[in-house]
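K.L.:
Given next are the chains, with one letter for each unit.
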Amino acid sequence: AQSVSQHNHHVILSEAASLELGCNYSYGGTVNLFWYVQYPGQHLQLLLKYFSGDPLVKGIKGFEAEFIKSKFSFNLRKPSVQWSDTAEYFCAVNARSGGKLIFGQGTELSVKP
Amino acid sequence: DAGVIQSPRHEVTEMGQEVTLRCKPISGHDYLFWYRQTMMRGLELLIYFNNNVPIDDSGMPEDRFSAKMPNASFSTLKIQPSEPRDSAVYFCASKGGVNTEAFFGQGTRLTVV
Numbered sequence: 001a002q003s004v005s006q007h008n009h010h011v012i013l014s015e016a017a018s019l020e021l022g023c024n025y026s027y028g029g030t031v032n033l034f035w036y037v038q039y040p041g042q043h044l045q046l047l048l049k050y051f052s053g054d055p056l057v058k059g060i061k062g063f064e065a066e067f068i069k070s071k072f073s074f075n076l077r078k079p080s081v082q083w084s085d086t087a088e089y090f091c092a093v094n095a096r097s098g099g100k101l102i103f104g105q106g107t108e109l110s111v112k113p
Numbered sequence: 114d115a116g117v118i119q120s121p122r123h124e125v126t127e128m129g130q131e132v133t134l135r136c137k138p139i140s141g142h143d144y145l146f147w148y149r150q151t152m153m154r155g156l157e158l159l160i161y162f163n164n165n166v167p168i169d170d171s172g173m174p175e176d177r178f179s180a181k182m183p184n185a186s187f188s189t190l191k192i193q194p195s196e197p198r199d200s201a202v203y204f205c206a207s208k209g210g211v212n213t214e215a216f217f218g219q220g221t222r223l224t225v226v
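Taken in sequence, the protein lines are chains A and B.
Read left to right, the first sequence gives residues 1 to 113 (our numbering).
Read left to right, the second sequence gives residues 114 to 226 (our numbering).
Just chain B, with the same shape it has in the complex (with noise of 0.2 Å):
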């Protein structure tokens, strides 16, 4: 299996832009987590899905932030409009069941200038 799959790995973006941010989970795996990384908050969990369903957006920063899951192979994580602030490495993790470890993505560093 080729792991957990992102795209794109970097994005550049002027602000008031949208953004969507891609992710392709293991195979079988019927969870799926988004992360974001900064240097001031760490590692946030934004939201995560089982079986396709969003189990909890609480993480999800703003209206400005979206995550869909439309089938067990792929979920898009989408900005709209893109800020400065929302500067960060995101991450697409996914996990086969809830008493296993979770796999991640190589990631996504979206900048917005």
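Chain A on its own, in the form it takes in the complex (with noise of 0.2 Å):
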């Protein structure tokens, strides 16, 4: 069964410093991988995607995240965030195979001007 796992509940940092939020999936085989932000009071967004080819991919509002196969890892990253990043930080995941799409905890981020 696939399962996600989000290091860090809740994070706080100032603006401009960086950011990498870890996520670790469990599934055996092929996946694809999303990272989706939830602003307060709104829904689900697209952040960014993977489905194959380069690991390294680039999202909106200069996020990136990177595949890392051997570690069941896609850490999403942002080099120096803004107070308007404040938000929720989610991590999905679906097996190739099936549609079935299962979300991490979730990670609070919270920007201090």
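A few of these clues could be false.
[What the hints assert, rightly or not] The list that follows gives simulated cross-link-like pairs (lysine-lysine, BS3-like), each with its CA atoms no further than 25 Å apart:
#, chain 1, residue 1, chain 2, residue 2
1, B, 137, A, 49
2, B, 137, A, 100
3, B, 181, A, 61
4, B, 191, A, 100
[Said to hold, decoys possible] Coverage of chain A stretches by chain B, computed from C-beta distances (three or more under 8 Å per stretch; other residues unrestricted):
#, region
5, 41-51
6, 95-104
The set of hints was computed from the structure by calculation and includes no laboratory data.
Just so it is clear, CB atoms sit at the ideal spot from N, CA and C, and this is done for glycine as well.
Can you join these two chains into the complex? Each is in its own frame, and there are hints to help.
P.N.:
Printed below as a string of structure tokens:
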């Protein structure tokens, strides 16, 4: 069965600090990987996705993520965060053999101005 | 396309009442998901459909919960009878194939008093 683990529950950073949010998944086969963002009071929106090819993927708003297959990881990064990045971030995975899409517990990011 | 449409946006009901949440997926999408979001449990997958057929309902918490998808453009999630612990935000999402991203509705905030 698939599972997703996000290491950090709540991260607090100052503006311009670098960000890295951890995500590990558990599944023996080929997967698609996603990061979604949820701004306060809003629905989830796609930040970036990985299906195949270059393991370093770039998303919107300067975010990127790297798929490391040997570590079953898909960590999210941003070199310099802004106050407007304050949100909750979710890692998600679905097996390429099926459509089931499951999410990690989420990481709340607070950026201090 | 208007995106995934959920109704109602907010629902307040008394314990013991029946609650029906509705979802209209994006036209042409063949996967539909129902999620529940709470502070304690994060974003849980309740059930998902493929081509209107329920594929995995292992996340449905109890027999009080049921979901249907009578056609490709409509799905319902019903709770009968409702309990205060069902209070949460319920999200519907759809996607157009295994190897695509999911799009989320605005959610229904359910409060059971």
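K.L.:
If a hint holds in the structure, say so; if it does not, say that too.
P.N.:
Consistency of the hints with the structure:
For the hint linking residue 137(B) to residue 49(A), the alpha-carbon distance of about 24 Å falls within 25 Å, and the restraint holds. Taken as a hint, the residue 137(B) and residue 100(A) pair is honoured in the structure, with Cα atoms around 19 Å apart against an allowance of 25 Å. Distance check on the hinted pair: residue 181(B) and residue 61(A) sit about 37 Å apart at the alpha-carbon level, beyond 25 Å; violated. For the proposed pair residue 191(B) and residue 100(A), the alpha carbon gap of about 21 Å is at most 25 Å, so the pair holds.
Look at the region 41-51 of chain A against chain B: 7 of its residues bring a Cβ nearer than 8 Å to a Cβ of that chain, three or more, so the hint holds. With 9 residues bearing a CB less than 8 Å from a CB of chain B, the region 95-104 of chain A meets the requirement of three and the coverage assertion stands.
Checked against the numbered hints listed earlier, the structure breaks hint 3 alone; every other hint is satisfied.
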